[in-house]
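Asker: Build out the structure end to end from the sequences listed, making use of the hints.
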Amino acid sequence: MSTTLGGSTSASAALDGSDDPWALAKARFLSDLDSSERDLFNNATLANLYYTTSNSNRDDAEKSRVRAVATKLGPLVSAIESYGKALDTFAQIAPLYLSPIWGSIRVLLVLARSYGKFFERLVDTLGRIGDVLPRFRDYERIYS
768 MSTTLGGSTS
778 ASAALDGSDD
788 PWALAKARFL
798 SDLDSSERDL
808 FNNATLANLY
818 YTTSNSNRDD
828 AEKSRVRAVA
838 TKLGPLVSAI
848 ESYGKALDTF
858 AQIAPLYLSP
868 IWGSIRVLLV
878 LARSYGKFFE
888 RLVDTLGRIG
898 DVLPRFRDYE
908 RIYS
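In the working numbering, the protein residues as written are 768 to 911.
No lab work stands behind these hints, which were simulated from the structure alone. Just to be clear, a hint being listed does not mean it is correct.
[Unchecked claim] Derived lysine-lysine pairs resembling DSS-like cross-links, with alpha carbons at most 25 Å apart:
id: 1; residue 1: K830; residue 2: K793
id: 2; residue 1: K839; residue 2: K852
id: 3; residue 1: K830; residue 2: K852
id: 4; residue 1: K839; residue 2: K884
Answerer: This is the structure in structure tokens:
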């Protein structure tokens with residue numbers, strides 16, 4: 768029994784003695800969903816998932832205060848990181864006073880850099896998915 772990504776397989780397909788692991792797993796998964804979740808699952812396509820994710824990412828980029836602050840602080844974080852080794856040395860001179868302050872700043876710099884990289888990687892991944900989607904449509908046409 769073959770199924771497509773967005774196709775529907777009823778729970779009875781798993782009960783008719785089919786040994787197809789995909790059909791069994793899909794039927795078991797669908798049996799736990801309510802009707803609205805089942806409709807979402809059955810209507811899901813690669814293009815729908817890509818566009819929904821892209822729209823969510825765009826909305827977050829426009830409305831997220833944290834992302835806006837991280838973008839604006841990017842040059843400052845880079846500039847402070849370039850002086851990091853020198854400030855590490857100064858913190859060792861008077862560790863009682865400077866270490867807690869510089870340590871806190873260092874943690875914030877690492878978090879800001881990691882947060883920015885996360886969104887850059889997310890956008891890159893979405894771009895790569897968008898580049899590959901037409902190929903999957905061709906495969907769908909070929910194998911349908």
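Asker: If a hint holds in the structure, say so; if it does not, say that too.
Answerer: Hints and how they fare:
1. K830 with K793: Violated: K830 and K793 sit about 36 Å apart, past 25 Å.
2. K839 with K852: Given pair K839, K852 holds - Cα atoms ~23 Å apart, limit 25 Å.
3. K830 with K852: Distance ~35 Å between K830 and K852 Cα, so the pair is violated.
4. K839 with K884: holds (14 Å)
Of the hints listed earlier, those the structure fails to meet are numbers 1, 3, in rising order.
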